[in-house]
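Protein chains: 2
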Amino acid sequence: MMPRKKLLTLESMNQSVRGVVVPILGSLSVRAVEIQREIEEGIHKPFGKITACHLGDNQSMGQRPVTFLRQVAVLCTYPDLLDSPHFPEDAKRRARALMKELDGGSVGSYNLFMYIGKTLPHKIANFIKRRDGGVPCDPRNIIVSSGASQAIVSVLSLVVNNEEALKTGIMVSVPHYTVYVDAIALCEAVKVQYKLEEENGWSVNVTNIRTSLHEARKHCHPKVLCVINPGNPTGHVLSREIMEEVIHLASEENLLLFADEVYQENVFGPGAAFHSFKKVLFEMGPRYSERVQLVSFNSISKGISAECGLRSAYIEFVNIDPSVFEILHSLKSFNEPPVLGALMMDVMLDPPQPGDQSYETYIAEKRDLLNNLAEKAHLTEEILNSAPGFRCNPIHGALYAFPSIQIPETAVRLAQDRGLEPDVFFCHLLLEDTGILLSAGSSFGQVETYHFRLSLLPPIEELKCILEKITEFHGRFMAEYS
Amino acid sequence: MMPRKKLLTLESMNQSVRGVVVPILGSLSVRAVEIQREIEEGIHKPFGKITACHLGDNQSMGQRPVTFLRQVAVLCTYPDLLDSPHFPEDAKRRARALMKELDGGSVGSYNLFMYIGKTLPHKIANFIKRRDGGVPCDPRNIIVSSGASQAIVSVLSLVVNNEEALKTGIMVSVPHYTVYVDAIALCEAVKVQYKLEEENGWSVNVTNIRTSLHEARKHCHPKVLCVINPGNPTGHVLSREIMEEVIHLASEENLLLFADEVYQENVFGPGAAFHSFKKVLFEMGPRYSERVQLVSFNSISKGISAECGLRSAYIEFVNIDPSVFEILHSLKSFNEPPVLGALMMDVMLDPPQPGDQSYETYIAEKRDLLNNLAEKAHLTEEILNSAPGFRCNPIHGALYAFPSIQIPETAVRLAQDRGLEPDVFFCHLLLEDTGILLSAGSSFGQVETYHFRLSLLPPIEELKCILEKITEFHGRFMAEYS
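Chains as they are written, first to last, in the working numbering: chain R, 1 to 482; chain G, 1 to 482.
Excised from the complex, chain R in its bound form:
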């Protein structure tokens, strides 16, 4: 036999897939895993364990799941428990009702039709209508997805058309949630960035969008404007006025508006309120509501449920011909959502109501979660803004602080010599010294000034300690490199 070239190698493989880099396995995370292994192997470190604050992963940081949700989950998974006195009657009622909709009554069936013609899209539509003060919602415009990241890549893969003369442009904010850029790379689209206004609490500025758009039109066909509200990584909650400006711009410039609203329940800033783009669009009248193409989505990985492991989200399409997005059902043959995740989305969109046995517990859990986030946001702003070299905008929503940090010129040059972004360099030093794992601002596309994203999810005492370690370390870092 002749020696032959192997078929699947880095050189021969799909080069567009090869180009996709994932943030969760960035150099910081990889090093954190190594350090944790070193600790377990007995290698001495100045800290006892890795403190991961880089993700919005609530339950990994000790947040307890919503009791009612988990009760319904286990009753559906193991129906023998329907006879157990351990569970409240309303959870049993809900489980029985859900199981009636399952093929063979089982969460172990594919239940493909649950996502299509049957009850789940109707229930999601009812939730949206209630949320939006009665604005109509057609269940036929709802698609269930296995998580928000999947929703992003699915929708973009519908829009990006590489058969056209100009490549499709996708507009994303800077800073942005990293998955957008990965999805754009995967779809072979052109990333068109617009800057958020750090000096204005990270709000959207439509003038910035327009400038980027006109520049981009010289070399691509921008089709989609992505807006994340509440903001990730920024924690900003958009005002209604700005949302109207965004919709007006989308209409005027003929952009499909892609609204990432997964943090819609995580709003806790004084005076901040979440408005959905769908609601604002419809309240602006038919001139907008009948023309602007809007795709918005929501997930049970965030909000009150915070069930990241269940993998469930939904997408609503407005002013888009169903024959377009129904193709997502086809793509879903590669990626059916887990049944339990879909059921739990149903539960979270229609939680216990006043008078229900589980209502008091549910409301207390929800209130504690939001109060807790508000308290931690306030604490974070206070500690960071009173330390030299940090500036933290008010955090009104989502799960993160995204402060700017001062990095002295010597450190910037040193980082560049090592081929690192300066904020990545800082985060690496912090990780080695304290075990604290942050996400560097540059991984969210923020490169002209230096930032990190810190999750607000650790328990408050731990968060305080983390913040103090970060500011203390930064002081030493400044002293060393100034």
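Think of the hints as simulated: they come from the structure by calculation, not from any bench.
Which residues of chain G face chain R? A few of them, derived with a C-beta cut under 8 Å, are: (1) Asp103; (2) Gly147; (3) Ile320; (4) Glu336.
Glycine included, each C-beta is placed from N, C-alpha and C at the ideal position.
Following the hints, put chain G in place on chain R, whose structure we already have.
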């Protein structure tokens, strides 16, 4: 405002995505959903309900889940139950051990690292090693995926390189599991078909592969040879000799061997035994085992667990540089497997052992499942082969019968006039008359002769009744169109 073209329409959207058609929403399934709705609306039909026999969806057809698996699942989901006397100690022990590996001890965390460096790939590798009689398995070569369909599209998306002069060819059998063809379309590869030998129980014939291969090389670069064993839709279990021939051919012709082994536990034919391609490859010696690139996969949607709703599978890569398939971790940022699914894979690969409290129950469940399938396979062969106009090969594995059916010329022409494949035409008439939903053979690429795929999953009495209705209907069909 000027009227503008909408951005996302059938005409402007991604045309390669638009081309993907999904079998589960084929015309037969769509019509079945309509009929069910009509029945619910009170419209009279000659039957009371749709009898869906087109899918390998065990629990939708009344199969009970594996008790131990579900016990561990609910203990992990709702740890308060660890105090309940309802659950056996070994299930509790297993749940505690699994929870220790979860971030924050919760199935609600992302648990991203569970899939990468940590224990799950090690446990899968141990299972493979045990299964293959000690052939080594490196956990670094294992990737966890959210289902086998996802595995298929992920791996093909790694291989297909559209930057090369010749398009990438993917070889699939006829008949084949439909998802392959969808995945090939999605990846914009070239489908290269090779015929299975119906006259030889649907076995693989390497001469057929070679003929197709040489023909295909005139217009594309065939890189991957997909083999499904046990066969879907055929129910054939490959002999060791044929597997050696396939491996020899893959080596000689430089093809990456892609072995779909999701039905590896569903083997029940007299004398039939499952051998993994990995094992056979290694037993053929280093001349093969060090050279042939092999990708194989397995899923908990099939086998003894049959948990289609949990969405969990794994892929093993042999002779492939990890830097290639580690990119799947990146793609996974769009598609993390559900945590509970991954945990349950762990449980199924390492079920209760002799001496464990749950062993007897588990073994009885497993035995019943396989005996039941064997009995139903035998019954199906008997009924179909004694009816005129049917021929059914022996069914030794998987979950289906794939008999040939006679369709008279008049019916063939009538079908063609309506733009339907003749077997789709037959299945439509059967559906309208009896409510029985089958998959037409042509949806598996089998077009020169006429077939259908029937699931063996209905309870035996119901299956008998279904088979009698099919043969009785076919008699009337022949009378009408001959």
